[in-house]
Amino acid sequence: MGVLVCSIAFAQGSQQQVQNRFQYEFERTEQVINQAKNTIAESNTEKGKALLDMAIQLQNQARTMGQNHMYLQGATTTLKAREQARSAMTVNRQAEENENLVLRQLERSDNLIAQFQNRMSADAPQMARTLFDTARENQRRAWEFYRNRNLRPALKLSRQAEKSLRGIAERYKARQGDLTRLQNQIKQVEQKMEQVKTMVRECDNEEAAGLLVKAKNSFNECLEHAAKGEVKKAENQLRLTRRLLTQTAGLCGDQDALQKFIQQINQEMDRVAEAIQNSGDNRAIKLMQSAREHLREARRLCAGGNSENCAANIKAAQMNLQKAKRLAGL
Amino acid sequence: MPVFAGITARSDPGDFSIRFGLGYDFVSQEYFTSSSRYDTSLTADPDLTDVALLSKDYLDDKKGLVYLKIDPKAEGRYIFEAGWEQTPEMLRAVGWGHIVLGNHRNRLETDLNFEIKDRYNGEPDAGEELSIVKGKVRYAKKLSETIESSIRIYAENVAFDSTGSFIYDYSRVGSEAGFNILSRGFNSVFFSAGIEKRNVPDSGLLDYTLVRANLGYFGLVAESRISVDLTAENKDFNSPDNQNDYLLTTLYGDLKIPADPNYFLKPLLSLEYFNFKNDDYVNDDYVLAGGGLLLGRDYDRLSIAVGPKIELHSIATDFDDDDDYLEYLIFGSIDLLYSDRILCLFENQIGRRGYKNDPLYYSDFTFDRISLIGSFKIAGALNFDLLLSAEWEWHEIEADDNRFYLLSSGLNYTF
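These protein sequence lines map, in sequence, to chains A and B.
Note that our numbering has the first sequence beginning at 1, numbered continuously upward.
Note that our numbering has the second sequence beginning at 1, numbered continuously upward.
Isolated chain B, as found in the complex (with noise of 0.2 Å):
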């Protein structure tokens, strides 16, 4: 069970502000499984038929951190922040800076970010220790009154103090172009294409060259709000035999109708399509497809909306007890904004997921998922913030059950 809990004080977000807090972080999961679920032939060793708890405390943290920001005219033109969080065990140091320099006409923008995290107290573990930098230059031109092109490059670089076996160091390079279509009425069209390449020094195997392109569209037709992106990624491994490479398209839509002054319809779609270069047993082609249908009402501060949607999951696989799915689920919503007071994001999904065909690995269930995101003006500058998910599986093989939840809340008073 995750949850992450604070308290901050800050000064004024305006040139200069300081915030320093208390605060605890946790986050686990756990659930269940045994070797005799997946094959009761096992009996080599009796041992190994045991259940096992598979148990997983990711981050307990209670710590304390202060963060110095200067903001110029809280303009966005020229920020730094620089930050320091500890923990009885651990320490970080955090940084970022933006600089925009020109108008909105030509404009570069600068991002540098670092981190660095070490474990003053105690023996670390791997990956527990690391240093982190990266940064982006991205440049943008407008080329007319609707037309604007930008290009960005960008590098990351992340060095573990001590590395294990699913924990390596890496550097990630790229570059990327676009253009952006503006009309009139805020809608716009995007394109862009870029090139990533990732290197990681302990294995080869790993290193990989990404190719991506996205187009997407925003904005009105008829009276409806659309939003449209569609995005095809290449991913060539450095392996032998294209092992692991892989062609992915996606397909993401979503359609706001008015059917009413304060009712709306709104079809949601979203298609994901993994075509791996080599069809071994480990990576077989397969299509996420989603979709569905919300009906809502829009009030004045409150918007709500209920419907169903779907996913399917259709694994193109030799093997039989393959993990095709079909998921279905009620959705519902509320979202609350009360002038600058509360902003309050609820959504709720009630469904079931059937396995087509009984595979061997995982097991019919049903769900539910809670994701609540708050922001609550207590009084005058005293603010609340939350973040909630938690999701439950029942399955009918017990063993399967799992639990998540995730929490973090934060109490800003700004003065």
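Here chain A stands alone, though its shape is the one from the complex (with noise of 0.2 Å):
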């Protein structure tokens, strides 16, 4: 529409206003396509390039018909070209062709490969090890691609670079954080069964004593699964063995043998307490009132029905106590 009113205006104008005109248009599109080989130089599109250079095609065409003072002409034919100058811009800025993004995609991965590369211990899976070098050497690859304006290679891949990596860093960390999970469940079980064989030796109860010995062994499973890797098995082991030992705890947990064991305790405590106290130490001292702290705890917590908590209890001040007693040298 913009070139049909521009040809009948000039059209209607004099030679001379036409030649004019014709050098206005002309010039103004030598400045767009000026422009458009500066963006695309930046971004380097097939699409954009092909686009610059049927403009550059076209306002050849239009100053040799300039020349041939065939201004009208010349001028819709500039405006044309101006108008495919415009193409030219309009597609570079497609978002995966966009000179910016790609070096954000490229500057992303270099990161990552920086942070991977203090990562790489000497522990590393030698996996993980490969993968890191194939990733670096594409995202060299990447680097060469976007020097040379080849952006859509460069951005697929130093995006796939950045795929191996954060791949690797996921399943390892992961990984990683499984395994320690794990640990840390092994511990608190292996605390755990501690107890409860504290508990079934003095209930002397023999359907305890054979729980306990099936919770041994799936212990045991588990540690064999912790060991190849394998943390679903080993965690589903674990679960088997702590509901094993609770049912054991439950066992022998019944609160008139605790009461009893509590009662015990308490006596051997008032029976020790003076000779600690002169003893002059301070650790043993110290001991002696955490062992009273945890009967009492093991008391209010008896008192709750918790007598899983309240064994835990009793054992700890049990320990305390008899550590107490070695320091004071009794």
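Errors might be hidden in some of the hints.
[Said to hold, decoys possible] In silico DSS-like cross-links for lysine-lysine, where the CA-CA straight-line distance does not exceed 25 Å:
id, chain 1, residue 1, chain 2, residue 2
1, B, K377, A, K163
2, A, K216, A, K187
3, A, K197, A, K216
4, B, K309, A, K163
5, A, K323, A, K260
6, B, K197, B, K277
7, A, K233, B, K377
8, B, K197, A, K163
9, A, K197, A, K187
10, B, K235, B, K134
11, B, K235, B, K136
12, A, K187, A, K323
13, B, K309, B, K356
14, A, K37, B, K235
15, A, K233, A, K260
16, B, K266, A, K232
17, A, K187, A, K163
18, A, K37, B, K277
19, A, K214, A, K323
20, A, K286, A, K325
21, A, K214, A, K232
22, A, K192, A, K37
23, B, K266, B, K197
24, B, K197, A, K37
25, A, K163, A, K260
26, A, K163, B, K136
27, A, K232, A, K192
28, A, K214, A, K192
29, B, K117, B, K63
30, B, K377, A, K232
Note that these hints are calculated values from the structure, not bench results.
Computed from a predicted model, the values in this text were never measured in an experiment.
Fit the two chains together into the complex; they arrive one by one in their own frames, and the hints show the way.
Structure follows, in structure tokens:
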């Protein structure tokens, strides 16, 4: 529409006016083409270059027309050339071939590589090392494409490098996290196993002893899975071990037995309290205090029906008391 | 269609290793267009209305390579690697060094890279022959058990033997300072800010000064693992009237919420806002926003995820036929980690992009994007690596159809 209006306007003017107008439009188109050249130099998009080439050819035709005094046709052609140059710049804006975005992608992958470089310790899995090397080489190629203004391959290759690195990180970090969590869980179950063992010794219940054997076997299976890195299987086995230990503790944790045990320890504390106080050993005195606190907590828990934790506190009180006696030379 | 293929052998990655092998690299892209595709009134020259096949071979190299690497005790503290790659026409010498001094409380890291590429057979095209030197020095200091500070200075110089209208020499110099606050359980908050200057000797208009700041968090919130990254970047070109200058703000985030001992939900978010200082018709402000919700399941060695994703592009332009679009897709991924024998990360995205305002230069299309990254220990010391990316676009206007393939494979033998 714009081209048509201009053509009519040119046709209505004098030859000199048409020539001036042609000159004006031709120069404006030259400016737009130069701007397009700069823009496309940054991104070097294939479509953008093709459209710019067409614009330049049209502009050359317009120049020839002007030289042959065909100002009207020349002006129409230079307007088309300008529109084509605008097309080139618009196509250039396509996100995937935008120089800024590609450069940011390259830098993002570079940063990841730098972070990985520092974490690639001697015990890193061989597979992680190999994938890291591959990612680094692909990133180098991506930079080469970028420098040659081949932006789309640069973007794709760098994205793949980033995906490789994030994939390694995600899997190995998640795995590291899983293993750490598993280790903590194993420690907790180990402690619980010790507590329940003590309870079973005290309560002399055959059924509880049988369950404890099952719990030990289940725990050993868990350790085997953990050694193979089979986290889920190890966790399932741990859950079974915990259930068995809870059942065992339930069989031995009748209130009467625990109350009796609390009473025994309390009597023992009363018996040695003065001797420990007189020993002058601060650590022994502190341990004695701690033993009393655990025993108080055990009473509270037992009264609330929490046999399992009650037993744990009785065990802690007993251990503190023994250590205090040792330090006091009793 | 790009293809990388190579077979390499290397010795034990201990103190000193040699890697050698043969490879084939091939990268190309092709699609169709025509002048009449964009303007049917173009009849000034009938030749210009011909359909043009736009095809570009980016790389087509059969190569031999040898790399020497020193990495004492495989600790990664002192690494030096030099390599030589040769094709029937080109040769490339590369080298890099990485030195770490100090301990985890005070650490100085130095990196130096060089690359020389030369055509020894035939006339070189612009951009084919080049030399690159780049280096980086980073000092990191632990201010306390939980806070680490760092400063980084870097420089790069790229020089081509012959430049072209789209290929130019440049150098970049920059510095960056940052903090990383760590807590128990690998949670970390990081912040960095930096400045960079680029110099293009042949075109002052392409020089720029860039200022960037970044704030992020990676760690656990309740039972969920979260990763958030916020960046602001200001680029100031040495051009009149703030031409091409912009402020870019980006926000990326993802969250992994355990929904059950084995299942998880993963919401994703991304946001990019380009704000150009001079709103001429070349550079319009735009927003690119993405989101998704994946449902996944973790097995011992396997993790799978599937869910929808969307991407919205909105541009502030004076033209009615702008290229605002909405892209929606179904994403699926399978990650397999089998001990130290197999690592396989597979992704597939199938979707559709619809342009809202019927733009002249774009057409709606359906796409399929596949990505596969794998490393397989075949037997003993024999390892196979694979990197594949493939994209197909089926447009409503066939002339806009596009396909893109990328394959990188390697067979490594370690002894």
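For which of the previously enumerated hints does the structure constitute a violation, in increasing order of number?
8, 15, 17, 19, 22, 23 and 25
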